[in-house]
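Build the full structure now, drawing on both the sequences and the hints.
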Amino acid sequence: MEVVRGMRQYIIRRLLLSVLVLLGVSLLVFLVLHFMPVDPVRELLMQHQTGTAPTTEGTISDEQIAELRKQMGLDQPLYIQFARFVWNALHGDFGQSWRNKRQVLTMIIANAPDTIELSLAGMAISVTLGVVLGTVAAVKQNTAFDTIAMILAVGGVCAPGFWLGLMLMMVFGLKLGWLPPIGSGTWRHLVLPAVTMGIGGAALVARLTRANMVEVLRQEYITTARSKGLSERIVVAKHALRNAMIPVVTVVGLSLGHMLGGSVIIENVFGRPGLGGLAVDAIWEKDYPVVQTTVLMMAISYVIANLLVDILYGTLDPRIRYN
Amino acid sequence: MPEQQLAQAPKTGAKVGKVENAQLRRFFKLTGVIIGTVILSIFVIGAVFAPVLSPFDPTEINQNDQLVPPSAKHPLGTDQLGRDVLSRLLYGARLSLVVGFVSVGIGGAAGTVLGLIAGFAGGYADLAISGLVDIMLAFPGLLLALVIIIFLGPGLLNVMIATGIGSTPRWARLVRSSVLSIKESEFVSAAKAMGASDTRIMFRHILVNIVAPVIVFSTLGVGGAILTAASLGYLGLGAQPPTPEWGLMLSESRNFISVCWWSATFPGLAIMLSVLAINMIGDGLRDTLDPRLRGRI
Numbered sequence: 001m002e003v004v005r006g007m008r009q010y011i012i013r014r015l016l017l018s019v020l021v022l023l024g025v026s027l028l029v030f031l032v033l034h035f036m037p038v039d040p041v042r043e044l045l046m047q048h049q050t051g052t053a054p055t056t057e058g059t060i061s062d063e064q065i066a067e068l069r070k071q072m073g074l075d076q077p078l079y080i081q082f083a084r085f086v087w088n089a090l091h092g093d094f095g096q097s098w099r100n101k102r103q104v105l106t107m108i109i110a111n112a113p114d115t116i117e118l119s120l121a122g123m124a125i126s127v128t129l130g131v132v133l134g135t136v137a138a139v140k141q142n143t144a145f146d147t148i149a150m151i152l153a154v155g156g157v158c159a160p161g162f163w164l165g166l167m168l169m170m171v172f173g174l175k176l177g178w179l180p181p182i183g184s185g186t187w188r189h190l191v192l193p194a195v196t197m198g199i200g201g202a203a204l205v206a207r208l209t210r211a212n213m214v215e216v217l218r219q220e221y222i223t224t225a226r227s228k229g230l231s232e233r234i235v236v237a238k239h240a241l242r243n244a245m246i247p248v249v250t251v252v253g254l255s256l257g258h259m260l261g262g263s264v265i266i267e268n269v270f271g272r273p274g275l276g277g278l279a280v281d282a283i284w285e286k287d288y289p290v291v292q293t294t295v296l297m298m299a300i301s302y303v304i305a306n307l308l309v310d311i312l313y314g315t316l317d318p319r320i321r322y323n
Numbered sequence: 001m002p003e004q005q006l007a008q009a010p011k012t013g014a015k016v017g018k019v020e021n022a023q024l025r026r027f028f029k030l031t032g033v034i035i036g037t038v039i040l041s042i043f044v045i046g047a048v049f050a051p052v053l054s055p056f057d058p059t060e061i062n063q064n065d066q067l068v069p070p071s072a073k074h075p076l077g078t079d080q081l082g083r084d085v086l087s088r089l090l091y092g093a094r095l096s097l098v099v100g101f102v103s104v105g106i107g108g109a110a111g112t113v114l115g116l117i118a119g120f121a122g123g124y125a126d127l128a129i130s131g132l133v134d135i136m137l138a139f140p141g142l143l144l145a146l147v148i149i150i151f152l153g154p155g156l157l158n159v160m161i162a163t164g165i166g167s168t169p170r171w172a173r174l175v176r177s178s179v180l181s182i183k184e185s186e187f188v189s190a191a192k193a194m195g196a197s198d199t200r201i202m203f204r205h206i207l208v209n210i211v212a213p214v215i216v217f218s219t220l221g222v223g224g225a226i227l228t229a230a231s232l233g234y235l236g237l238g239a240q241p242p243t244p245e246w247g248l249m250l251s252e253s254r255n256f257i258s259v260c261w262w263s264a265t266f267p268g269l270a271i272m273l274s275v276l277a278i279n280m281i282g283d284g285l286r287d288t289l290d291p292r293l294r295g296r297i
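The listed protein sequences derive, respectively, from chains A and B. Residue numbering for the first sequence follows the working numbering, starting at 1 and increasing by one per position. Residue numbering for the second sequence follows the working numbering, starting at 1 and increasing by one per position.
It cannot be assumed that every hint is accurate.
Label-pair restraints from in silico Cβ distances [as the list claims (entries may be wrong)]:
{"hint": "1", "chain 1": "B", "residue 1": "K192", "chain 2": "A", "residue 2": "L23", "range": "46 to 52 Å"}
{"hint": "2", "chain 1": "B", "residue 1": "S197", "chain 2": "A", "residue 2": "L17", "range": "55 to 61 Å"}
{"hint": "3", "chain 1": "A", "residue 1": "P113", "chain 2": "B", "residue 2": "A196", "range": "57 to 63 Å"}
{"hint": "4", "chain 1": "A", "residue 1": "A144", "chain 2": "B", "residue 2": "A193", "range": "57 to 63 Å"}
{"hint": "5", "chain 1": "B", "residue 1": "V44", "chain 2": "A", "residue 2": "D75", "range": "19 to 25 Å"}
{"hint": "6", "chain 1": "A", "residue 1": "L17", "chain 2": "B", "residue 2": "F256", "range": "48 to 54 Å"}
Computed from the model, here is a short list of chain B residues facing chain A with C-beta under 10 Å [what the hints assert, rightly or not]:
{"hint": "7", "residue": "L227"}
{"hint": "8", "residue": "A264"}
{"hint": "9", "residue": "L273"}
Reference listing, derived: stretches of chain A covered by chain B, where coverage requires no fewer than 3 residues with Cβ under 8 Å from a Cβ of chain B [what the hints assert, rightly or not]:
{"hint": "10", "stretch": "78-86"}
{"hint": "11", "stretch": "151-161"}
{"hint": "12", "stretch": "224-237"}
{"hint": "13", "stretch": "260-271"}
{"hint": "14", "stretch": "286-299"}
Hints are computed from structural coordinates only; laboratory data are not their basis. Since this is a predicted model, take the numbers as computed values, not measurements. Don't be surprised by glycine CBs; every beta carbon is placed ideally from N, CA and C.
Have a look at this one:
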């Protein structure tokens, strides 16, 4: 009973802390964009006049600028602007894109499924590959397989994702023609980007799984399980792996952040739509409402993922005391 | 000081020296460290002697030598503009290593000061700094550096600043936890009792005692900074053409990989090998200086 109460209190505390962190993230993004050396009103007016690049500065009158500044609420004190931004965001209103006048939330909703699909597929590959590689390396400790697996894991951590993507695209997409090198829409389009994304994560998971498995395989309860006459497969899969997996959960949760950050690059390499591509395009086009919302959404996902991992961690390992 | 103690002092010093020598010997016996040092030395020599070793000008466009495969004249081939890939890689090593070290310098300095203040002062200072660190850590991976680049604008110098600031929260967290673990030590109490100022205690007593994790984290951070900077370069937010930066080289060659495998393969290999070498040395340093850091860093 006390454990349940402790866990509930912990979850409430973590939720409140997450809300504070998210408020801080919103403030940071808001301030960064507010203090940009670019005047959003001038930028917007110039884009309206030209339709594309800001090239007609001379034709904009001060009255036009003042009028639009008032309309956008930019004449208000900073704290009121921030409060309104948070209030509107809580009501699902993230403003309009300066480029195409579409609602930013609509653009996010249109692009998010592609990024979520890629991140989940990448994570599935990294966990499967990492756990299998790490477990076999631990079981076959100090053999050639162990050495090769760990060299691959170290290489996977150090290889830049965009290079790995280009290499996979070159070999499997262009030379062998097995998979489409760019684009999206079918599962075949997902394979190369997901493998690219998964390899970096798999390397980390493999190293951690191996380290934990080596530790767990030395424990007395494993000797007991063996002495009961259980097969080595059952000992490894049922007794050792379950216990070795607990710290791996944390890494998997944290790797969601790397996947979201990595999506910026991977989507760019494979010409896939998604939040990463949306953010980079918006940076180049100085479409700040889109940048602000995309960054915020990614940070929110990361904070929520961390929260879930923390809660899951305690559920998996009852020894962890929440108070 | 009693004579007996005076006589013992040099002995203690000699013992410490022996321990350090033993540590150094153990460090250089580690296979990973040997391999890492050899690879990194090749990159450093290549970077330092780039003007001598480069067979061609790294930015010189040659219309007659476009997309030439590796040959005796161009050992690593040429790119879509006829520029020699080897020459560009050698000059690129300069940029990548400088970016790696400067970024770590910026992130390390800022994070160490923040972590020292948060850990030592406690109270509201700790609350404010830890809050800021938590907020910055809520940005996944590359995104924090991207947000900073949006503010500063593209360019190599800004990449170093963005990468440095992006790594600051991790530095601050590491230093804070290290400070917390030693600030109640007797030597800190003794310094306080002798009337030492807070600044003196932080920098002269505490900082020197957390130097092991700082060195290890710096080394491993260089590899991470090279990767982040290359990623920003790939997105076009770092060095601008015709700079021979490795990430930018990859970005420029991506449209030609079906006909020119070498111009994308070698810059990527250079990034991977340099990061690998630095990480191997970092792992060795960690295992030698403070094995308890395994899993934390």
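Status of the hints after comparison with the structure:
Between K192/B and L23/A the CB atoms are about 37 Å apart, so this pair departs from the stated range of 46 to 52 Å. Here the CB-CB span from S197/B to L17/A is close to 34 Å, at odds with the stated 55 to 61 Å. A hinted range of 57 to 63 Å holds for the C-beta pair P113/A and A196/B, which are about 59 Å apart. For A144/A paired with A193/B, a C-beta distance near 59 Å keeps the hint of 57 to 63 Å intact.
Checking the proposed 19 to 25 Å range against V44/B and D75/A shows it is violated: the Cβ atoms sit about 55 Å from each other. Look at L17/A against F256/B: about 49 Å separates their beta carbons, and that is inside 48 to 54 Å. Using the Cβ-Cβ criterion of 10 Å, the hint placing L227/B at the interface with chain A is satisfied: the shortest such distance is roughly 6 Å. Nearest Cβ of chain A to the Cβ of A264/B: about 5 Å, under the 10 Å cut. The hint holds.
With its C-beta approaching chain A no nearer than about 8 Å, L273/B sits inside the 10 Å limit, and its interface hint holds. Under the rule that three or more residues need a Cβ within less than 8 Å of chain B, the assignment of the stretch 78-86 of chain A is violated, with 0 such residues. Under a criterion of three residues with beta carbons nearer than 8 Å to beta carbons of chain B, the stated coverage of the stretch 151-161 of chain A is upheld, 7 such residues being counted. By the rule of at least three residues with a Cβ nearer than 8 Å to a Cβ of chain B, the coverage given for the stretch 224-237 of chain A is violated, with 0 such residues.
By the rule of at least three residues with a Cβ nearer than 8 Å to a Cβ of chain B, the coverage given for the stretch 260-271 of chain A holds, with 7 such residues. Coverage of a stretch by a chain is defined here by at least three residues with a beta carbon nearer than 8 Å to that chain's beta carbons; for the stretch 286-299 of chain A and chain B the count is 4, and the condition holds.
Figure legend: structure checked against the earlier numbered hints; hints not met, in rising order: 1, 2, 5, 10 and 12.
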